[in-house]
Amino acid sequence: MVDSAYAESQLPLDTAIPNLAASLDSIVRTEEMLQRPSRPPEPEKENSALAALVIALADSPSTILQTLADKVLEVLRADSAGLSLLTKDGKRFYWAAIAGAWQPHLGGGTPRNFGPCGDVLDRNIAMLFTHWELRYPYLGAALPLAEEGLLVPFFVNGKSVGTIWAIAHSAERKFDTEDLRVLQSMGRFASAAYQTVESIEDLKLEVAAREKAEASLRDLAGNLEEQVHIRTEELRFSEDRWKRIFDNSAVGIVVVDHKGRFVMANSAYQRMVGFTEDELREKTYLDVIPPDFQPLNIALMAELLDGRREQFNIEKQCRCKDGHLIWVRNNVSLLPATDGAPRNIMSIVEDISERKAAEESLQHTQARLSHAAEVATAAELSASIAHELNQPLSGIITNANTCLRMLDIKPPNVHGALETARRTIRDGNRASEVIRRLRALFSKSTLAIENVDLNEATREVIALSSSRLKKDQVVLRVELANGLPQVTGNRVQLQQVVLNLLQNASDAMSAVGDRPRQLVVRTERDEDDGVRLSVQDTGVGFDPAAATQLFDAFYTTKNDGMGVGLSVSRSIIEGHRGRLWATPNDGPGATFSFYIPGRSKDVPSDLSRAARTFAQDSAARNS
Amino acid sequence: MMLGHSLVSVVDDDVSVRESLPDLLRELGYAAAAFSSAEEFLASDSIGQTECLLLDIAMPGISGPDLHSELTLQGRNIPVIYITGGGDQTTRARMLKRGAVECLRKPFSDEALLKALNVALQEAER
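Line order of the protein sequences matches chains A and B. In this note's numbering, each residue carries its 1-based index in the first sequence increased by 21. In this note's numbering, each residue carries its 1-based index in the second sequence increased by 33.
Don't read these hints as lab results, they were simulated from the structure. Misleading hints may appear alongside valid ones.
[Claimed, not checked] Pairs of lysine to any residue, SDA-like flavour, derived with a Cα cap of 20 Å:
1. A:K431 / B:K148
2. B:K130 / B:E144
3. A:K377 / A:I310
4. B:K148 / A:R426
5. B:K148 / A:I310
Please read all numbers here as calculations on a predicted model, not as lab measurements.
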């Protein structure tokens, strides 16, 4: 309220909607948000925020709502974030905690029946608003204005109690479905937090009562200071309160002692693994982990207990009571010490089986797409090869026919026949040159790593693509730099990328009729003895805002394309420790470029798909 | 019209074809001229005398079918025989539908060429 122009005194409590107010539809953008491309999840950030919240709940419950607002602000990268709670009389929402730019408005609020929070609770859904002051003029005093506000409801025991929200004050930050998911997960947590806050009042009374009782005891006996302290501490960490926090959480929470024995497990965790809390108390955390994951987990736990790390994340499998395996992600941290006793360890456990299954299916799909792309490339190539061979064959047969006719007449045209025979030989050589290039392209083992002259590799691809480019009426300009350093890598894979870029460029120009279809293939020396190859077209170009999606497996601007070529191409280039990117031209069209570092850099050792997958897995396990 | 002097023009960007086909055409009794692109043919004097066009389909710049359309637009009714190194089973049908006399896939025999030329020049006389 300090320094805030927005005070609760300004709130209109009557529920009449002013005649001039904008319609609700005009300020709601939920549908549009659901269509936006969503940012990738950041499970580590999210889980560590949840862990911080659980610890805050145990440690300083009175500040939990503020901690929650801080964490929403942080995880969503919002400009403001907070919680609105319904007042006891049910007439208005008050802003119980705010972080970020709206912090000065702490303690303000909105009427129950005439404001965004009310809209959200009425519909019991998450909603995205833009410039709500157009409908709710009083919010015009809450500065800075909200460009976008994302609200999700939260409930306790089926009773709606408030909303949790995030605000973007600038047009650059657009909320998406990932933000929604995170906010909803925080919303579930808010219910637990809310109950805790409600019970704090009761707790204070209880403490006061005990203190009073113990104060009278102090009069009676000495040494009671210590006892009061111990009693208060006991109360602070009473199992009841832990249970309350645990059981209201949607994620699994377990506490194990320093020997790894289960001390507590909340109901979400019990549902996840199928064991009851009593059954779990008979076990250690290792009893529910398959042997493969045990050594890493034991090592990380040891580091935690030694104080070598504050917390760790681990993705592992967990064996349920019925024997089936689930994937879980654990965020593990030490609990605050209590009077010299060995510290307990808390783990936030999230069931990620679905995500793992989705990842596996995605990998499977990508492998299939990559195979489909190879088949398509092969079909494309065979059409090219047929064309390339038919040209000299046509010359050979025509020349041979002419030769026969010249020799068949009386007197024979020996001079003409000699000339046609010479041309027959030349065309024969041309055909064998095509075969030689094909051999060069296919004879290499598919995973061979060698020194590649990118110019030469590119020339071979161009030679094999020329008929297709010709068919597409593309005018090709080739600018290959002299003295280009060699790169280390797989020649065939790199050629597939060049082929793909050429085909994409040609496709992008197929609809162009009002300007020349020009294609420039360029190689240049780049930093660190690396090499850059770019393919510039005068085609339809791309939306700069979509630049990062271009490389997604299913992104395409073509009606009949699968867009798989670019995503596979990028994996190939990244396998060579390089980069593949797209830039719009100053004029029409786009330029796709890749960069491969020079040979002085480490030799790529992980070109095969298996090696890459393994590396990702190990990275995930080690995180 | 004297068959022996009919001018057959070849438009193909492939040098093997431009060198070999005119010689064969002359052996078959025709006059022959070769052009490396549609643009070159359109700019030449031969355009008025050409009685049959042996036309490549895929060429940089103006393609064979585009040249055909352009000639039709100019009111020049020159019979066209397509010669193509690529294409598939549907190519010939599509080209015939567009008004071509024949569509020969490279490599083609001299008999096939002669047969197509006979049809084309009979058509031209009509």
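Open item on the list: For each hint given before, does the structure comply? Return the numbers of the non-compliant ones in rising order.
Closed with: Of the numbered hints given earlier, those the structure breaks are 1, 2, 5, listed in rising order.
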